[in-house]
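Chain by chain, the residues run as shown.
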Amino acid sequence: MGYILLWVESLAAGLLLFATATAIFAKMERGKLRWLIVIGAIAFPMLIGTLETAFSIFLRECLFVNHWLTYTLSWTLVMLAGIGAIRHVGLRRREGVAPASSWPVKNLAIGLIAASALHLITFWNLDGNMRLRLASVRMEAGAMALAAAPPRVPDHDNAALVYEKCYENDVRIRKTFEERPSKISRSSSNFIGFTERKPGDPELAEYLQQMQPTLVLLRRAAAMPGCYFEHEYSQPSIDMTLPELSHMRQLGRILAVDAKVKAVDGKFREALEDINAMRGLSRHVATEPLLISGLVSMAIENIASSTLEAVLVDAKPAPGDFAGWQPDDSFSFRRALRRSMAGEEACGMSAFAMLGGDSESETFFRYNGLNPDTAAPVVGPYWRVFLLADDLSVYHSQMKMLREMADQDYPTARTNLDALDLRHRTQRLGLISEMMLPMLSRAFNTFVRAETSHRLADVAVAVAAYRAKNGKYPARPQELVPEFIADMPIDPYDNKPLRMIPNGSGVTLYSIGEDMQDGGGAVYDFEHGDVLFNIGTGAPAQQAGQPPQPKPAPADKPKPSL
Amino acid sequence: MSDADLPPELGELEAALKASPVDGAAPAHRARVLGAVRNEIAAQNSKRPVRSFWRFAAGAAAALVLGCNLAMSAANDTSLRVGLRSDERETKLALARLREVLPELSDDDAQCHLLMLRARSELVGTPAPSGGSPFNRSTEEN
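Residue numbers (my numbering), protein chains in the order written: chain X, 1 to 562; chain H, 1 to 142.
By construction, these hints were calculated from the structure, which means they are not laboratory data. Check before you lean on any hint, since a few could be wrong.
[To be verified] Quick list of in silico lysine-lysine cross-link-like pairs, BS3-like style, CA-CA up to 30 angstroms:
1) X:K165 - X:K27
2) H:K18 - X:K165
3) H:K92 - X:K175
4) X:K316 - X:K175
5) X:K496 - X:K472
[To be verified] Non-contacting residues of chain X with respect to chain H, defined by C-beta distances greater than 10 angstroms in every case (computed):
6) V8
7) V313
8) K400
9) Q517
Where is the CB? At the ideal position from N, CA and C, for every residue including glycine.
Go ahead and model the full structure; you've got the sequences and the hints to work with.
Here's what the structure looks like:
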């Protein structure tokens with residue numbers, strides 16, 4: 001109803017403007033001014049109408065918002081017809097006199113002012129209404145965030161308390177190194193110094209020696225069932241979760257370094273415990289329903305996988321070394337993704353409410369290449385009144401699609417993701433949705449890849465255990481089941497068991513990867529080619545196997561061993 | 001009514017008629033004209049206050065309607081300063097921390113994540129969770 005009122009009022013204002021100009025034109029006997037007045041009176045509303053129609057065509061083409069074209073086009077056409085009618089009635093001379101010369105200019109001018117004022121007030125009220133709507137969206141976002149918040153964990157089961165203690169120990173020990181005039185001190189603030197050092201480095205050995213009690217604690221924490229960092233969820237701050245994520249990632253790095261050193265020292269069992277602890281860390285980080293937490297969780301998982309691969313290159317484990325390895329079947333990155341999406345949707349809705357307000361729209365305008373000082377007073381209300389509802393609707397539908405994708409198998413989800421990606425590239429999704437959704441769809445692929453790495457690592461440990469017992473690598477994956485692994489994990493990309501091929505002196509485990517084509521263990525880049533895990537080949541992950549080359553045609557595909 | 005009571009134009013008309021060479025009008029005619037003029041003046045005097053009252057009332061009503069709308073719009077648009085505006089320094093600090101936590105993020109993604117974190121800090125205050133949601137509970141059970 002508000003939009004109809006806007007349509008009528010703006011049309012009335014435009015026609016009254018032209019009628020007033022026509023009356024003035026008819027009263028003035030001669031002069032260029034009268035022509036300027038009437039041309040201006042025609043040009044002004046028609047310019048507005050043309051611009052609005054052009055903008056609505058843009059909306060239709062780019063946002064697929066169709067209803068505004070009808071709205072603006074009908075306005076422009078009716079305005080044109082009205083101008084023609086006023087001209088015909090007012091300026092068609094009868095007995096040498098134009099009827100418009102007797103029109104009351106003052107009354108017409110007052111009517112014009114009144115119609116314009118009403119139009120602006122209606123627009124203002126609509127804007128106020130949308131602000132109220134944004135406030136309710138903010139409330140809804142708060143409720144969603146509460147629903148997605150992690151469950152509180154009893155203190156005796158809460159790994160977070162132990163992690164905090166471990167991190168404090170790490171800071172204290174590192175501080176003693178920082179006070180020394182050595183290389184490790186200068187670079188230890190971000191821990192790069194430690195991760196870049198080779199096993200056998202005396203300072204690294206000393207550091208790890210001092211960290212051993214903490215590492216024992218860390219392994220115990222990683223095996224605990226729950227993790228709940230105390231947060232002020234009722235008043236979340238901007239960096240509420242960031243400190244702990246930073247600490248957790250650092251603890252993961254320490255475990256990785258320790259695992260590599262332990263493997264070199266022949267303590268394969270302890271190295272494996274470190275890697276297991278890293279996976280526990282990863283699982284705990286993913287508890288927080290936020291995409292950043294999920295990404296950090298995957299980063300720790302990737303460090304664990306690459307560490308395992310490095311450890312398996314040189315180690316010669318005994319069969320008993322694998323006793324401590326406990327694959328965690330209960331954890332799923334897909335579930336973590338679904339949880340992250342729930343939290344992220346709440347944040348996204350809050351972002352709508354935040355960016356819809358005048359005070360916090362700076363980020364939004366800067367992101368879209370607009371000057372916030374000049375754009376905010378104009379674009380802000382215009383966006384709220386005419387575009388916000390569509391933007392919000394697109395965001396809801398896309399988030400629903402992404403949440404559903406988290407539950408779908410990859411081929412189905414990939415089809416939907418491609419459709420979403422195509423829509424993103426060919427149309428604009430909505431001003432704010434445009435900012436958020438590409439990031440979320442990219443995250444989907446990253447989560448699936450982490451799930452794949454997780455499963456490949458489980459099979460890799462089973463293969464290493466097989467070799468430790470039988471002195472050779474298995475010829476077929478089925479030989480691993482059920483003694484070394486309960487069941488062969490499924491490749492998330494095609495729902496078939498993960499592949500295994502002999503590779504030199506070792507074997508390569510692989511998944512077909514995001515491109516969903518079996519390249520026989522070939523890697524091209526992050527998005528193309530297979531996801532590999534090499535065991536006993538002496539090559540690090542993603543570099544062994546076949547060298548980058550054009551993908552074989554489907555008919556020439558090497559037959560996987562399964 | 002005497003001649004002095006007549007409006008000036010009628011006085012002039014009266015004088016012109018008197019000066020005209022034509023035969024004078026019938027005595028009854030003069031009385032009829034003067035009576036009609038008197039009635040007209042009386043009618044005008046009695047209608048003027050009523051018309052001006054309605055004109056004023058209509059203007060006041062229009063002004064009231066406009067004023068009510070204006071007042072509602074202005075009241076709805078008033079910033080009550082109940083929202084917390086995030087501190088620029090806090091935002092920069094959060095971005096630096098985000099970069100430290102996830103150095104592999106692209107600039108665009110980092111900005112988006114920062115936006116989400118800012119949005120999260122703007123969430124309506126909710127009570128601290130004590131039992132967790134059914135969503136998370138089922139996850140834990142799994």
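Against the structure, the hints:
no.: 1; hint: X:K165 - X:K27; in the structure: violated (89 angstroms)
no.: 2; hint: H:K18 - X:K165; in the structure: violated (123 angstroms)
no.: 3; hint: H:K92 - X:K175; in the structure: holds (26 angstroms)
no.: 4; hint: X:K316 - X:K175; in the structure: violated (36 angstroms)
no.: 5; hint: X:K496 - X:K472; in the structure: holds (25 angstroms)
no.: 6; hint: V8; in the structure: holds (15 angstroms)
no.: 7; hint: V313; in the structure: holds (24 angstroms)
no.: 8; hint: K400; in the structure: holds (15 angstroms)
no.: 9; hint: Q517; in the structure: holds (26 angstroms)
Hint compliance for this structure: hints 1, 2 and 4 are not met, and every other hint is.
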